[in-house]
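The sequence shown begins at 27 in my numbering and counts up one residue at a time.
Hints in this document: simulated from the structure, not taken from any laboratory. Positions of the beta carbon are idealized from the N, C-alpha and C atoms, including for glycine. There could be a bad hint or two in this list.
[Unchecked claim] Computed cross-link-like contacts, SDA-like style, restricted to lysine to any residue with a CA-CA straight-line distance of at most 25 Å:
1. K163 - W49
2. K144 - V33
3. K28 - L93
4. K163 - G41
5. K28 - K144
6. K144 - L171
7. K28 - D107
8. K144 - L44
9. K144 - V173
10. K28 - V167
11. K163 - T151
12. K144 - A39
13. K163 - G116
14. K163 - I70
15. K163 - P125
16. K28 - L139
17. K144 - S100
18. K163 - V72
19. K163 - R121
20. K144 - L120
21. K163 - W69
22. K163 - H50
23. K163 - G135
[To be verified] Here are the in silico distance ranges between beta carbons for each label pair:
24. G32 - P81: 46 to 54 Å
25. T84 - L113: 33 to 41 Å
26. R121 - Q56: 17 to 25 Å
27. V175 - G129: 34 to 42 Å
28. D31 - M146: 15 to 23 Å
29. W49 - M146: 30 to 38 Å
30. S97 - G140: 13 to 21 Å
31. G62 - G108: 34 to 42 Å
32. D169 - M146: 14 to 22 Å
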Amino acid sequence: MKTFDGVAELEQAVGSHLGYSDWHSISQEQVDAFAGATGDHQWIHVDPQRAASGPFGTTIAHGFLTLSLVSMLSWQVYRIDGVSAGLNYGADRLRFPSPVPVGSRVRAGVELLGVTPKTMGYQVTTRVTVEREDGGKPACVVDLLAVVVP
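Can you make the complete structure from the sequences, with help from the hints?
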C-alpha cells in the first residue's frame, strides 16, 4: 500500500500509477446477495443452469457489483494520512468493457489523475481499472471523484 503524508505529498504523485489491489474472488453467493440488495435478479446473474447455455457459459457479476468493489479495492492501493475525512463525490467515464464470470478473480489498478483545491478540501480524481485475472479487456474503468478534508 502506498501511503501519502497529507495532500501536499499526494499532489506530487499526480500522473502516476499508484499500484494494484489484492485479487478478489467473485462468488455466486456474492452475486446473489447483490441481486437481493438491488432487486436485479436477471437470469444471467442468478441462474447458473440457464446461464450455462447463455452467451458467457456461466453466470456473470452485475456491472454495478464490479463497480461497488472499486472502493474496497482502491483503499488497498493507497491511503492519505493527515486528513479528517474522505467523501465520495461521484464518478466520470464509467465503462464495463468485458464481463466478470462467477469464479473469476479481479483486482484494481489505480492512477492518480488530479488533486484540485475545493471549498471543503481537495477533489481527488483517480482512474480505477478493474481487471480480471487471465482476462483481456478490463472489466470496469471509472474515473472516481473524492473530496478529502484536511
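Status of the hints after comparison with the structure:
1. A hinted pair counts as satisfied when its Cα atoms are at most 25 Å apart, and K163 with W49 qualifies at roughly 17 Å.
2. The hinted pair formed by K144 and V33 meets the criterion: a straight-line CA distance of about 12 Å does not exceed 25 Å.
3. In summary, the hint linking K28 to L93 is supported, as the alpha carbons are separated by about 22 Å, within the 25 Å threshold.
4. Distance check on the hinted pair: K163 and G41 sit about 22 Å apart at the alpha-carbon level, within 25 Å; holds.
5. A C-alpha spacing of about 24 Å is found between K28 and K144, which places the hinted pair at or below 25 Å, so the restraint holds.
6. Distance hint between K144 and L171 is fulfilled; the C-alpha atoms sit about 12 Å from each other, no more than 25 Å.
7. Of the supplied pair hints, the one linking K28 and D107 holds, its CA atoms being roughly 11 Å apart against a limit of 25 Å.
8. Pair hint K144 plus L44 holds up; C-alpha atoms about 23 Å apart against a cutoff of 25 Å.
9. Restraint check for K144 and V173: the C-alpha separation of about 8 Å stays at or below 25 Å, so the hint holds.
10. The suggested pairing of K28 with V167 holds, with an alpha-carbon distance near 21 Å, which does not exceed 25 Å.
11. Using a Cα cut-off of 25 Å, the hinted pair K163 and T151 holds, with the two alpha carbons roughly 22 Å apart.
12. Pair hint K144 plus A39 holds up; C-alpha atoms about 18 Å apart against a cutoff of 25 Å.
13. As the CA atoms of K163 and G116 are separated by approximately 24 Å, the hinted pair is consistent with the 25 Å bound.
14. The hinted pair formed by K163 and I70 meets the criterion: a straight-line CA distance of about 20 Å does not exceed 25 Å.
15. Taking the CA atoms of K163 and P125, the gap is near 9 Å; set against the 25 Å cutoff, the hint holds.
16. Between the alpha carbons of K28 and L139 the distance comes to roughly 16 Å, so the proposed pair stays at or under 25 Å and holds.
17. Among the hinted pairs, K144 with S100 is consistent with the structure: their alpha-carbon atoms are about 22 Å apart, no more than 25 Å.
18. A hinted pair counts as satisfied when its Cα atoms are at most 25 Å apart, and K163 with V72 qualifies at roughly 23 Å.
19. In summary, the hint linking K163 to R121 is supported, as the alpha carbons are separated by about 11 Å, within the 25 Å threshold.
20. Our distance criterion of 25 Å between C-alpha atoms is met by K144 and L120, whose separation comes to about 23 Å.
21. Straight-line distance between C-alpha atoms of K163 and W69 comes to about 24 Å, which keeps the hinted pair within the 25 Å bound.
22. Taking the CA atoms of K163 and H50, the gap is near 17 Å; set against the 25 Å cutoff, the hint holds.
23. The suggested pairing of K163 with G135 holds, with an alpha-carbon distance near 13 Å, which does not exceed 25 Å.
24. Separation of G32 from P81 is about 48 Å and conforms to the stated range, judged on CB atoms against 46 to 54 Å.
25. Take T84 and L113: their Cβ atoms lie about 37 Å apart, and the range 33 to 41 Å holds.
26. About 22 Å separates the C-beta atoms of R121 and Q56, a value consistent with the hinted range of 17 to 25 Å.
27. The beta-carbon spacing between V175 and G129, approximately 40 Å, falls within the hinted interval of 34 to 42 Å.
28. For D31 and M146, the hinted distance range of 15 to 23 Å is satisfied, since their beta carbons lie about 21 Å from each other.
29. Take W49 and M146: their Cβ atoms lie about 35 Å apart, and the range 30 to 38 Å holds.
30. One distance hint, 13 to 21 Å for the beta-carbon pair S97 and G140, holds here, with the actual separation near 19 Å.
31. Between G62 and G108, the C-beta spacing of about 39 Å keeps the proposed range 34 to 42 Å intact.
32. The hinted window of 14 to 22 Å between D169 and M146 holds, with their beta carbons roughly 20 Å apart.
Violated hints: none; the structure is consistent with every hint.
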